[in-house]
Amino acid sequence: MASPLFTIPGIIEGRFIGLLLNIVLASLVSYYIKYGKGIKIRRVPGLDAIEEAVGRSAEMGKPIVCSYGLDGFTYWTLAGLSILSHVARLAAKTGTRLIVPTGGSDASLIVRPVAEEIVKNAYLMEGEDDKYNPNDLPFLSGQQYAYVGGYVGIMQRTRPGAVIMVGSHYSDAMNIAETSNATGAITITSGSYISNVAALACASDYILIGEETSAAGAYLSDDMAQKASIRVQDIFKWLSLGLIIFGLLSYNAGSEFILNLLST
Amino acid sequence: MTTLIEYSIVAVGSFLAFCMFSTLYGKGNPLYSLAEESYLGFGTGLSIVMNVTYIWKTGILNIMAGDWVLIFAVVLGIMILFRVNSTYSYISRIPIAIVLGAQFGLSLRTIIFSGFIQQIQSVIQPLFSGGTQMLIYNWTIALCVLFMLTFFFYTTEFEGLLKTSSTFGEYLLYASFGAIFAQTFMGRLGLFIGFMQSYTVPSWEKPFLVGSLLLVFGIVYAMDKAGILEKFTPED
Amino acid sequence: MSNGGIWKTFAEYDRRYVYLALFIVVIGPLLSPIGVPISVSPSTRQYYEVINAVGEGDIVFFTLNTEFSGYNEIQSGIIASMRVFIENGAKIVIAVGHPEATSIPSMIFQDLNKELTENEYVYGEDYISLGYIFPNEAAVAALAEDFQGTVSQDWLGVPTAGTFLDEVKTWKDIDFISDYTTGLATTHVMNHFALRGTPMAVNCIGVMIPSSMNYLDTGVYLALLNSMRGGAELEYLTGHPASGLTAMDAFTFGHYMLIGFIVIGNLGYLMYTRKQTYGRGRKKQ
Amino acid sequence: MSEIIKTKEFQLSIMLISFLIVFIPYFLDIPALDAVSTKLITIAALVNVFTIALAVSSLVKRNMNFIQRKTRGWYFKAYMLITIVLMLVFSMFGLETGPYHWVMFAVVNPLSSVNYGILAFYMASTSARAFKARNTKAALLLITGVIVLLYQAPLTGTVFPGIEPVALYLTDTFGKAAGKMFLISITVGALVFGVRVLLGNEPSVLGIGGKE
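Residue numbers (my numbering), protein chains in the order written: chain A, 1 to 264; chain B, 1 to 236; chain C, 1 to 285; chain D, 1 to 212.
By construction, these hints were calculated from the structure, which means they are not laboratory data. Fair warning: this is a prediction, and the values are worked out from it, not measured in the lab. One thing to keep in mind: the hints can contain errors.
Stated by the list, open to error - Beta-carbon label-pair distances, calculated as ranges: (1) B:Gln133 - A:Gly61: 57 to 65 angstroms; (2) A:Asp222 - D:Lys6: 41 to 49 angstroms; (3) D:Ile82 - C:Thr117: 57 to 65 angstroms.
Claimed, not checked - List time: in silico DSS-like cross-link candidates among lysine-lysine, alpha-carbon distance up to 25 angstroms: (4) B:Lys27 - D:Lys70; (5) B:Lys225 - B:Lys27; (6) A:Lys93 - A:Lys62; (7) A:Lys120 - A:Lys131; (8) D:Lys39 - C:Lys8; (9) A:Lys62 - A:Lys131; (10) D:Lys39 - C:Lys172; (11) D:Lys8 - A:Lys34; (12) A:Lys62 - A:Lys120; (13) A:Lys131 - A:Lys93; (14) B:Lys163 - D:Lys137; (15) B:Lys231 - B:Lys27; (16) C:Lys169 - D:Lys137; (17) B:Lys27 - A:Lys62; (18) D:Lys39 - B:Lys231; (19) B:Lys225 - A:Lys40; (20) A:Lys34 - A:Lys62.
Said to hold, decoys possible - Among the chain D residues that face chain B by a calculated CB cut under 10 angstroms, a handful are: (21) Met64; (22) Thr158; (23) Phe160; (24) Ile184.
Where a beta carbon is used, it is the ideal one built from N, C-alpha and C, also for glycine.
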């Protein structure tokens with residue numbers, strides 16, 4: 001069992017590294033939000049899939065359904081909204097009808113007006129503001145399964161060419177993805193937790209795996225905070241990669257330094 | 001001795017359950033709406049009862065027992081209700097700020113340990129000593145985590161070693177998805193079987209189960225054939 | 001076979017056939033059980049060892065972080081574990097993380113009536129049901145830090161003062177947490193109790209297995225019982241066959257049915273869909 | 001006064017203070033602050049529970065709207081509102097017997113169960129449809145999936161004991177590694193998001209900014 005390398009008076013034993021990492025993370029986030037202008041984010045292949053799906057729907061003259069998740073403002077919702085904005089612009093550009101189911105939880109109530117604003121702006125920026133139809137952003141319900149029922153109903157009635165479901169979806173995701181498939185739509189989804197990702201990887205034509213969603217959102221968005229987040233997350237992934245490699249090497253050479261350091 | 005109440009619970013329960021299942025028919029129908037609205041209504045009522053009980057027991061009773069500080073909780077709780085009023089909704093922002101601050105405090109102070117530090121520690125395992133099975137496991141986990149992690153770098157261009165590693169990582173991810181999907185299926189199947197079991201044990205319940213199944217799907221099928229399914233289904 | 005014949009049917013069958021087949025393979029064996037043999041997995045043995053190490057007078061926090069639906073899946077694990085705690089003479093506190101779960105303890109004790117009588121278990125002295133006390137993360141954290149300041153009555157409003165709960169001041173005074181979960185407050189219970197050092201074992205639904213395993217190998221969870229199958233294996237190990245074991249017929253056939261459909265689908269895909277795709281490709285060129 | 005409360009800075013400061021009171025005593029040994037922290041956590045738990053009223057109010061408003069407009073099937077919405085009231089009334093007659101108990105077992109129990117149990121059907125049809133060896137990735141998914149599915153059927157293990165080590169290898173190495181990788185990345189994502197909110201970069205989370 002790993003034991004702390006050292007203790008600092010006043011700091012509870014075993015919690016120093018946790019505190020330090022939190023502080024480093026917070027400092028990095030605020031640094032990159034201020035000075036991270038040049039952060040470049042890799043374009044994830046999922047974006048091409050989205051563009052292709054919208055293009056195909058436009059060709060077929062079918063609508064697209066795009067949802068940004070059913071939670072309140074969370075990390076995934078913000079990514080979902082960035083993608084929604086992109087899809088809305090593509091839809092405006094190609095003259096395709098866009099339907100955005102909203103609601104799904106009580107917390108989602110405060111997200112809805114923001115989503116409306118985003119879609120409206122997208123049409124405005126493409127010079128197609130007359131085509132914006134607020135009725136295409138129906139509020140389905142504040143309850144998860146009533147929301148799903150409504151969502152499924154919309155798909156069954158409108159027979160969309162593409163369904164793009166991003167943001168946080170839970171056990172409802174399979175319900176939506178399966179119905180989308182049954183209606184013959186190109187299904188693009190994102191999964192935020194592992195069991196869902198695995199199931200959606202089977203049920204969808206294309207899936208944005210885990211953080212790919214937020215990376216795609218940050219790539220599309222002008223928001224510095226989102227880009228900074230991706231940068232800091234990458235740094236922490238590099239850090240964990242380094243700790244694992246160095247830890248494995250040193251541990252197998254007989255030193256428990258890394259294990260003990262992490263328990264400090 | 002089975003009482004009338006028990007019979008009624010099983011009869012109504014199995015009927016409503018199959019009303020819910022009728023969504024599998026692929027079209028909206030009034031029986032599904034009946035089940036859905038029943039669950040929504042009674043479920044919401046239940047939530048209110050339980051949450052009010054929580055406020056009563058944890059808040060009010062403790063205040064009456066002399067824990068005066070908790071009066072703040074009640075005051076702040078009432079302030080949060082102003083959210084529904086557009087003129088005074090700003091009042092609700094104070095309790096929201098307090099709750100959010102506390103929530104982030106609770107989550108940030110713990111997940112760094114359980115979700116980051118300890119996860120890294122758990123990968124650091126012996127790679128050269130121990131039983132064969134353990135070595136195979138340790139090597140596989142270590143390599144999988146490393147390759148999969150590289151698939152998730154976004155601010156670095158994929159070139160050379162990193163590109164190979166991330167491609168490999170993606171393949172490993174898909175291999176793992178198969179295993180995880182199977183476990184997820186097991187779970188969903190278990191939920192379904194467990195439910196069905198609650199209507200087959202004791203065995204006097206069986207006719208209710210089969211009867212409800214036939215009744216509900218029969219009604220839905222007949223309504224569909226008669227073309228009146230949509231007429232009685234509520235709008236979204 | 002000009003239209004693809006049987007392979008086409010294999011490749012493109014209506015999904016409602018799958019639904020129908022699932023209904024049949026599940027309801028069939030439940031209506032007339034066969035009793036297929038099962039094997040016990042290592043994780044279940046480990047779980048049994050861990051819960052069986054709880055001794056007389058130990059305070060067990062029995063947390064039901066499940067709705068009714070999850071209870072259906074893991075009830076065999078819940079009842080088998082509860083039986084072990086009762087037979088070992090532990091003091092049991094039940095807390096729930098979903099309003100629906102408040103009605104679950106009565107179902108458990110109805111099933112274990114015999115064990116309660118045999119071991120002379122008295123409500124209030126040996127076991128207490130606290131009801132819905134995990135509405136959110138802060139509530140769980142408050143309980144871990146100041147149990148007495150948070151809990152003063154059981155779920156029906158009977159004061160808990162004077163019971164064994166008087167001993168419980170913080171997370172340190174809980175000897176063991178036995179959690180049954182579909183998600184809900186389990187992560188919070190883990191973060192605010194087990195992460196600090198309270199021993200904890202979990203019985204989760206199948207969907208939660210991949211994410212729960214991470215806490216098993218960091219040692220925060222001492223053991224993990226998997227889904228309904230784990231429950232059935234525990235029934236087998238404890239020598240009290242019940243609902244879990246009888247469900248294993250349907251469980252087996254449900255899995256085989258799915259594999260059957262996968263095989264059929266792949267045959268159809270290989271023999272029909274791929275030919276079609278390639279055929280079209282050649283014509284275009 | 002109301003002008004001060006409305007400012008973003010005021011709310012952010014309150015959030016930050018509340019955050020620090022909860023966060024600091026977990027790391028630094030300050031018993032006095034620890035006691036304050038515990039009380040604040042209890043208060044936060046209670047305040048949070050009050051939000052149920054907001055949820056109910058929006059549910060009622062929305063359904064009243066359907067009823068007033070007499071949309072198709074409006075009577076279902078009216079029925080729903082009635083059941084909420086019924087449940088409240090029933091709870092007054094005791095939680096272990098009577099009408100409340102009946103509703104819990106005849107209505108809530110089966111419907112809650114089906115709500116999730118129905119996912120078995122979607123999972124089954126998904127795998128029957130999508131588990132096809134279209135390309136290398138799909139083939140990998142198919143192979144591991146089928147092996148684990150076979151193992152999970154309890155009968156298989158008794159007939160072919162050799163499947164257990166293979167299936168456990170897949171779930172306990174590949175599956176676990178993917179879960180671990182996800183957990184690490186989600187944890188860091190959540191931490192970063194928390195910091196962003198606390199730094200005031202996500203005012204919409206506090207309900208500042210967008211229309212309410």
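Hints versus structure:
no., hint, result
1, B:Gln133 - A:Gly61: 57 to 65 angstroms, "holds, 58 angstroms"
2, A:Asp222 - D:Lys6: 41 to 49 angstroms, "violated, 27 angstroms"
3, D:Ile82 - C:Thr117: 57 to 65 angstroms, "violated, 42 angstroms"
4, B:Lys27 - D:Lys70, "holds, 22 angstroms"
5, B:Lys225 - B:Lys27, "holds, 12 angstroms"
6, A:Lys93 - A:Lys62, "holds, 15 angstroms"
7, A:Lys120 - A:Lys131, "holds, 9 angstroms"
8, D:Lys39 - C:Lys8, "violated, 67 angstroms"
9, A:Lys62 - A:Lys131, "holds, 15 angstroms"
10, D:Lys39 - C:Lys172, "holds, 18 angstroms"
11, D:Lys8 - A:Lys34, "holds, 19 angstroms"
12, A:Lys62 - A:Lys120, "holds, 20 angstroms"
13, A:Lys131 - A:Lys93, "holds, 11 angstroms"
14, B:Lys163 - D:Lys137, "holds, 17 angstroms"
15, B:Lys231 - B:Lys27, "holds, 12 angstroms"
16, C:Lys169 - D:Lys137, "violated, 53 angstroms"
17, B:Lys27 - A:Lys62, "holds, 20 angstroms"
18, D:Lys39 - B:Lys231, "violated, 55 angstroms"
19, B:Lys225 - A:Lys40, "violated, 58 angstroms"
20, A:Lys34 - A:Lys62, "violated, 43 angstroms"
21, Met64, "violated, 14 angstroms"
22, Thr158, "violated, 17 angstroms"
23, Phe160, "violated, 16 angstroms"
24, Ile184, "holds, 5 angstroms"
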